[in-house]
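Visitor: Required output: the full structure, derived from the provided sequences and hints.
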Amino acid sequence: MSLLWRQGLRYHSRHALQTLLTLTGIALGTALLCAMQLSQRTAERAFDLALEAVAGSATHTVQDGPRGLPVQGYVLVQRALGGRGVAPAIRAVARVPDRPERTVLRVLGIDPLADVELRPWSSPAGAEHESLPLGPLLTTPGGFVATAPLLQRLGLGPGDTLRVTLGGRPHVGTCLGVLAPPPLVAAGLEDVLVVDIATAQEWTGRLDRIDRLDLRLAPELLPDGMTEQAALAAVAAAFGPGVQIVAAGANRGGLAQLARGFRINLRALSLLSLLVGAFLVHETMRLSVAARRPSFGVLRALGARPRSLGVVVTLEAAVLGLFGSLLGAGLGVAFAQVLLDPLARTLNDHYATFALHGVHVDGAVLLLGVLLGTAVATCAGLGPALAAARVPAREVLVQHHHEPRRRTRRQLWAAVSAAGLALWLLLTAGAGLVQAYLGVLAMLTAAVLLVPAAMGCLLWGAGAGVRGAGPFVRYVVRSTAAARDHLALPVAAMVLAIAATLGLATLVGSFRDSVAGWLTQVLPADVYVSVPGGVDERGSSVLAPEVVAALRTAPQVAAASTYQRTRAMLRSGSGEGEVELVGMDPTPAVLASFPFLVAAPGVAREALPRGEGVWVSEPLAFRWQLAVGDALTVATERGAAVLPILAIYRDYGNERGEVLAGKAWFDAHLRGGITALALETKPGTDVDASLAELRARAAAAAEQDVGIRSQRELRLGSLAIFDRTFAITGVMRLLCLLVAFFGIYSAFATLQLERGAEVGLLRCLGARPRQVGLLVLGQTALLGLCAGLLALPTGALLGHVLAEVVNRVSFGWSLLEVTVPRTAMVEAVLLALVAAVLAGVQPAVRFARMRPADGLREA
Amino acid sequence: MRNVHKSVHEGGTVRPVLAGVDLTVDAGEAVAILGRSGSGKSTLLNLIAGIDDVDAGAIRTAGVDVVAAGERARAALRAQKIGFVFQSFHLLPTLTVAENIALPLELAGHAAAGTGARVAELLARIGLADRAHAWPEVLSGGEQQRVAVGRALATRPCVLLCDEPTGNLDDSSARDVLALLDELRRGHGCALVVVTHSREAAAICDRRLRLEGGVLHAEAEVRP
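Protein chains in written order, with my numbering: chain D, 1 to 859; chain H, 860 to 1083.
I should point out that these hints are in silico values taken from the structure, not numbers from a laboratory.
Pulled a few chain H residues facing chain D out of the computed Cβ check, cut under 10 Å:
id, residue
1, Asn905
2, Ile910
3, Asp911
4, Glu930
5, Leu936
6, Arg937
7, Phe945
8, His949
9, Thr953
10, Glu958
11, Ala1011
Label-pair ranges, simulated between beta-carbon atoms:
id, chain 1, residue 1, chain 2, residue 2, range
12, H, His868, D, Val826, 49 to 57 Å
13, D, Ser13, H, His1047, 33 to 41 Å
14, D, Ser2, H, Thr883, 34 to 42 Å
15, D, Ser13, H, Asp1030, 32 to 40 Å
16, D, Leu367, H, Gly1048, 56 to 64 Å
17, H, His868, D, Leu368, 48 to 56 Å
18, H, His868, D, Ser13, 35 to 43 Å
19, D, Phe472, H, Asp1030, 43 to 51 Å
20, H, Asp1030, D, Ser2, 35 to 43 Å
Residues from chain D that keep clear of chain H, each with C-beta distances beyond 12 Å, as calculated:
id, residue
21, Thr103
22, Leu367
23, Pro595
24, Ala607
25, Leu777
26, Glu827
On a predicted model such as this, the values are computed, not experimentally measured, just so you know. Where a beta carbon is used, it is the ideal one built from N, C-alpha and C, also for glycine.
Guide: Okay, here's the thing in structure tokens:
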């Protein structure tokens, strides 16, 4: 190994604590990034595997939204294509009432006889599986098979029965055997009950329809002479206009689309952690270059080229980054396991129902993490490398070595420029999330660049404040102020990390307050009724008409609003897609409760029930850039219907957005029963007491599991979902704090360790060990206080930007009010103080125990 | 050196240090530069090595025009043709004694595998063969300066520049180091320029010059 390299590596091995802390910092940053990516990949993989398992080797899928396809069409297609490569499927979501609260399974109804070419694992003729109980599956009502892990989880064996509810209606399934598909398919079927299609039709109450028809239009399966185009034309003709024939793979990555904003927010947080790690590397390398200036001077005098020194320092940073990020990649797998549970809860609350049982360790993610960690560390080492390359040969003549002073004026100009750039990026972000984040980055850069000047002001103020104090206190303050140039960077790193946690607290707190306020406003009724369960793949479950009638006519009910939720294809000038559409028959109270952001003057509330237009929720309006007066085209059973937008209303309940229409218009154009009721009780009714009566009335009316909740229960339940959604942010915030703490500890501990000579002198002058310890702790506490105070405006600004720009760009939501939580502000300052004081403990103990002569020798 | 001028900036004022210095040192010749503190002796040495820049004048060291040479050429000059011994030794604390001596060889482009014999030879000549793997911090001042001399001569330089080589040493160590310097430079046949306050150090040189008022004055011929 080259001697130039060797001297560098030995410097780091001699400063093992500092090196270890730096490695830990970069490792934590990388770990967060890898963990975030791994947990998301795991979720996406589970989603895609679930799709694949259901779709099998289909090349195309025929579907028609929530209405489903008529069975007759399936028969026609079978005839047209010669009966091969055509398989129907029904998908539904089932709750398991006898198991823990959140046990939700998917039900897949198939035709085992037709599935040979598409899903060989489900067919008795399939090579992989010869024990499928074909006869019983076809003949046993409620018969199902499932993978061994699922049966084990449910504690079931062949012959056992399982109570399930679909759309609130109870059914009993019988386990007929164990499904043993190939491993990858098994991973996609981890929460699936496979039933015969007849059972699925019975359970879903749709005897004449199927959800989808999977096709495999391979030449060997098509009748002689039939091309794929001809086959597609025959399929389209069999079902008539309106059905969608989708090529396989079109739905892949659906989860990624759904969770885009959520994912980008968390990724930004993990990148911020990596940025703090980069500060650590920069600080370590800067200090190491400062300490080695005499050596570099000698090397230059001996003939070393500037470039060689620069390369050595750069590669030292790269090696630190490589080892740190390798460590971080390993740690990331463990962190991902921690993140998986809150992520799964969030996704199941909002997006889909599928199982996440273990982290899928994706080598590409880990490699990317290592590369990114190494690259960030290398970049962080470039500044110090440049400083090393600039050490002149004449440095060898200098008795006392000092780093060149930072150029304050230039930094101020850079800060102003970065702030201007941030303002421009944020104000013109529109719907560009990446631009919004670049704006945040520019804003944080400006804040970091302003830290030295702001710190100078604070320390000047502190100096003025202690003018009357004793010389020891004055010395603490003035020596800290004198070292400002050297301390600015670690303080800036600390400001950044603490501001990030304060910004997140502001975002989450403000969001929660907004949601709580919104819930109070939009829930004017006393009792809400719907079918409980996860997100049904065909839309919300319909309440039995008998239940609706029984509840509407209950003696304590004064009025009822009804909701019919379905999905429909919508189109506007700037957007197109399947959107949730709700037909609403509101009471005056419900009608008045909707919080409009923009509305057509005077007519918006009255025109909706008359079917003269629709209301659009804020997220959809933002995503499709809709305005009041724009026209929306809805694909209905009667053909396309065009409706003007009457109002845009605030809605935190559905980030994908939804459209509200009047019941009369809904019934005239779309099909769908009542999916929810909002009941207003008569004056003087004890709502909580009446819940039991209403539940009994509903149970007596029909055999359907119906959720009847008071307004208070619904509000608290919604807030609980909100808290679960942001639980993962809380975990990330904690991990971010951990990175920050390591950063602060590393930087301050290293800085203090460099002050042996000064302390030795003080000891020679008669300072007692305790006084020396107090001096060190006093200085670090002062620095911590500076960082905490500077983090307050930075964090508050960050919180506002996250809430008002990034949040809006990510989800399309605007918040009612953005406030910085006082407790978070106090926490921020305390955190900075505690971290700084803790960082001072080791140097304080060391200096207190140090012999004065040893200290002087360090000079 | 021909008509070399150099000023230094001190707290806003400019102080001339060298005011038209002429100096020629032949191969194998040893020259001592004497003078008071602050007279510009070290500056003169740094100008010869290309560590500092002249205000005016010409310098040619080991055939290289130092004034015209760029930083890269100056670095190559120092790596290949100049040996430097400093008052404060300036050994690299993170390299062992042997590695410190091998360092100039590496900087001059010698393959690491081929430097072992040369390092062993120098260690033997400076009397520290048994301390090859010791760290500089455990050596005495005299031992550290002997390592610095060994390091300076590792590449068999044409020019050996010594800046107060005995300034930080006790009398006995100083005598050892001077004897070593004299022996080694005679063995190598290199030109030697010693900046010193010490009469004893000056005594090993062929010529003795005094830097005063920015110019060099010959003192007296001394015994070779």
